[in-house]
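Undergrad: One letter stands for each residue in the lines below.
Protein chains: 2
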Amino acid sequence: MLSVQQAFDQILKTVRPTTPQRCSLFEATHGVLAEDAVSDVNIPPFDKALMDGFAVRSCDVPDGTGTLQIQEVIYAGSVPSRSLEAGQTSQIMTGAPLPEGADAVIQIEHCEINESEQTVRLKTTPVEPGKNMLYRASVLEAGATVVKAGAYLRAQEIGALAETGSPRISVRMRPSVAILATGDELVPPEERPQAGQIRNSNEVMLHSQILQADARPVPLGIARDERTHLREKIREGLESDFLLLSGGVSAGELDLVPSELEAAGVKQVFHKVNLKPGKPLWFGILERETGSPCYIFGLPGNPVSSMVCFELFVRSALRQFLGDPHPMPRTLRARLTADFHSRGDRPTYQPARVEWSEGAASVTPLKSMGSADLHATVAANAVALFSTGNQLYQSGFLIDTFLW
Amino acid sequence: MLSVQQAFDQILKTVRPTTPQRCSLFEATHGVLAEDAVSDVNIPPFDKALMDGFAVRSCDVPDGTGTLQIQEVIYAGSVPSRSLEAGQTSQIMTGAPLPEGADAVIQIEHCEINESEQTVRLKTTPVEPGKNMLYRASVLEAGATVVKAGAYLRAQEIGALAETGSPRISVRMRPSVAILATGDELVPPEERPQAGQIRNSNEVMLHSQILQADARPVPLGIARDERTHLREKIREGLESDFLLLSGGVSAGELDLVPSELEAAGVKQVFHKVNLKPGKPLWFGILERETGSPCYIFGLPGNPVSSMVCFELFVRSALRQFLGDPHPMPRTLRARLTADFHSRGDRPTYQPARVEWSEGAASVTPLKSMGSADLHATVAANAVALFSTGNQLYQSGFLIDTFLW
Chain A
1 MLSVQQAFDQ ILKTVRPTTP QRCSLFEATH GVLAEDAVSD VNIPPFDKAL MDGFAVRSCD
61 VPDGTGTLQI QEVIYAGSVP SRSLEAGQTS QIMTGAPLPE GADAVIQIEH CEINESEQTV
121 RLKTTPVEPG KNMLYRASVL EAGATVVKAG AYLRAQEIGA LAETGSPRIS VRMRPSVAIL
181 ATGDELVPPE ERPQAGQIRN SNEVMLHSQI LQADARPVPL GIARDERTHL REKIREGLES
241 DFLLLSGGVS AGELDLVPSE LEAAGVKQVF HKVNLKPGKP LWFGILERET GSPCYIFGLP
301 GNPVSSMVCF ELFVRSALRQ FLGDPHPMPR TLRARLTADF HSRGDRPTYQ PARVEWSEGA
361 ASVTPLKSMG SADLHATVAA NAVALFSTGN QLYQSGFLID TFLW
Chain B
1 MLSVQQAFDQ ILKTVRPTTP QRCSLFEATH GVLAEDAVSD VNIPPFDKAL MDGFAVRSCD
61 VPDGTGTLQI QEVIYAGSVP SRSLEAGQTS QIMTGAPLPE GADAVIQIEH CEINESEQTV
121 RLKTTPVEPG KNMLYRASVL EAGATVVKAG AYLRAQEIGA LAETGSPRIS VRMRPSVAIL
181 ATGDELVPPE ERPQAGQIRN SNEVMLHSQI LQADARPVPL GIARDERTHL REKIREGLES
241 DFLLLSGGVS AGELDLVPSE LEAAGVKQVF HKVNLKPGKP LWFGILERET GSPCYIFGLP
301 GNPVSSMVCF ELFVRSALRQ FLGDPHPMPR TLRARLTADF HSRGDRPTYQ PARVEWSEGA
361 ASVTPLKSMG SADLHATVAA NAVALFSTGN QLYQSGFLID TFLW
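Protein sequence lines correspond, in order, to chains A and B. Okay, so the first sequence: first residue is 1 according to the UniProt record's numbering, each after it adds one. Okay, so the second sequence: first residue is 1 according to the UniProt record's numbering, each after it adds one.
Careful, some of the hints might be misleading.
Identical copies go unnamed one by one, so any copy, or any two together, can satisfy a pair.
For lysine-lysine, the following DSSO-like pairs were computed, each having C-alpha atoms within a straight-line distance of at most 27 Å [unchecked claim]:
1. 272 with 131
2. 367 with 131
3. 272 with 148
4. 267 with 13
5. 272 with 367
6. 279 with 367
7. 267 with 367
8. 131 with 279
9. 367 with 276
10. 276 with 131
11. 279 with 148
12. 276 with 13
13. 279 with 123
14. 123 with 276
15. 148 with 367
16. 13 with 131
17. 267 with 279
18. 13 with 279
19. 367 with 13
20. 13 with 272
21. 13 with 148
22. 131 with 267
Rather than coming from a laboratory, the hints here were simulated on the basis of the structure. Quick caveat: nothing in here was measured; it's all calculated off a predicted structure.
This is chain A alone, in the form it adopts within the complex (with noise of 0.2 Å):
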């Protein structure tokens, strides 16, 4: 049985970044940029006052008085039509060029203007060049890398990319997911279930969790544990980039589901992982025609492997299939509030309650009645890892933990 790493390591391994596409930046939020971005303008374009005011030569007020002919009003938008020589002003405001020679503004607070003589009297504390303006491409030159390769484009990246230029990117983009739950033991959400039935809380579970993953989920329904039908719905789930198999893959269960898979041409990485909950977890790929894989993971049946095995694997693989130079799950050392006995033959994923209280992270381990507990996780905010072994884990131990 493979260790959780040996699973990673098959899965980052097997999953090979998507083609990048071209898209707008209305699209592009989530994705991850597939080449480095630089700027055609330099930021700003122009030295640029940061308030309303006057535009002054530094060297004409250096104690911030004197009194200055003023040759023009400029607004933004608009293009100064005089430099500045010596004893002469501009008024300007917010945003606008400062014009030639000038190398200052003083605050309109501080200016008394002589309409008459079209003159202004400052009155203000010394003045460096460089007050309240910034100087041409003092935040961004021409030419500067903008947002690197790798990057996950947010507000901010769209931003600046629509500000330096690049309308259009190339992105690796959210992957589309099917979801195919499995077993007659299922019935639908809206249906009571009799002697023996369970609803299928996985499909909309993994649908959500697909969601947050910001990826496309492709729900299939239930397939029923007939050949003909599984096949169909099977066939219909390797068209998307990913098709995740809910049940179907533990020992006790009926084998259509790998059987079905290998019929279709896919090709087995593993089956079952060392770790509590999710043991049962499968993974293939799909060569297609196409030239891009479907992958495949077959999750255990249980609400809470389930949840634990999406975030782990199938997250792993989402951030690789987009190129994320760190495509492993992000852990979060926090301190345990309490003593910990953690029993168990595998290394386990104990749904937790993460807290920050004064810049450190601490963490409560949940009660939790096993793998069929979804309610512990709607309580918890982070699973926390106990290594196999019968062991106690103090009050203050760091330990890793992982947000969902």
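Following the hints, put chain B in place on chain A, whose structure we already have.
TA: Chain B alone, transformed into the frame defined by chain A:
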């Protein structure tokens, strides 16, 4: 001028939680539940095996050894036909219901079946009642609350609601948020700005922020500084739940925007807040005949100011709209990695990088050229808050940060 706290107070007093809608669990992710949801079933619905093996009466095999008579095989999804008397056992699969009388399951690995005599010899450690099984209703009892009103619906809530008979629920859903950029100096990101022009980066950036806030962006493009055109665009924007105006609210700008808003019946709640960046923020409300108001934010045109005002104020308004009982921005306290000298006549929200290591959060304020410097925010994953005044914050000092 309002303080930041006063601005929050005004926003939370003005924005009313929207009317809940009934929706399916496939639509509910990121919504906020409007009513407590209770379970219509016990979880599990019956005493349930957690392992493949043999169901036993623990009193028959207290020390874990003995030979028992096999009654039947019970599969998941089926119903036991026979109860257990002294000396009897039934083979059972994971997930299957225990027969009446049984209170423990012995793992198949510790069982030796004698096919001809229909007996099984057990050899394991002492057996306590409850071993390898879950008692009926031990996870959750019928009638118990599954998810409380006010909870954001994540994957685990969605799964738990599906399992417990709430396939359609009453939810406050993602609002529509219109975006209207104003200013004759703006050109679309596809165009190369001429002298005095700048690219409209705020529209796509706000579009992305709205997506990240799980709301529905409605981009309306650029409104020219011309009364008829602006009026038409504002009218269109006021049909959404929120209207964000980008630019047109600073002192030096043309005052078409406030007068057109007033003409449309919008009531100003406040203008200007004492923070940096973001001082020109404007907020108002339009009561509509439908009974559901439109809330209007006039955001500053400088990109960093716009971003900060959205993250602090607009997002709190969105949370209030959804009925989140905790609509205020969540702060994370983190330790400064180096001395930081803050100078400002207003509380300052500085782009910063928060990192975690060994359970502790640290924060590094980033060099920024001010409210036009979107590139500092690209390197950032947070803003750090510094109070008014000329002050040295020493390395190791705990300060408030806001992740974004």
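Undergrad: Going through the earlier hints one by one, which of them does the structure break, listed in rising order?
TA: 3, 7, 11, 16, 19, 22
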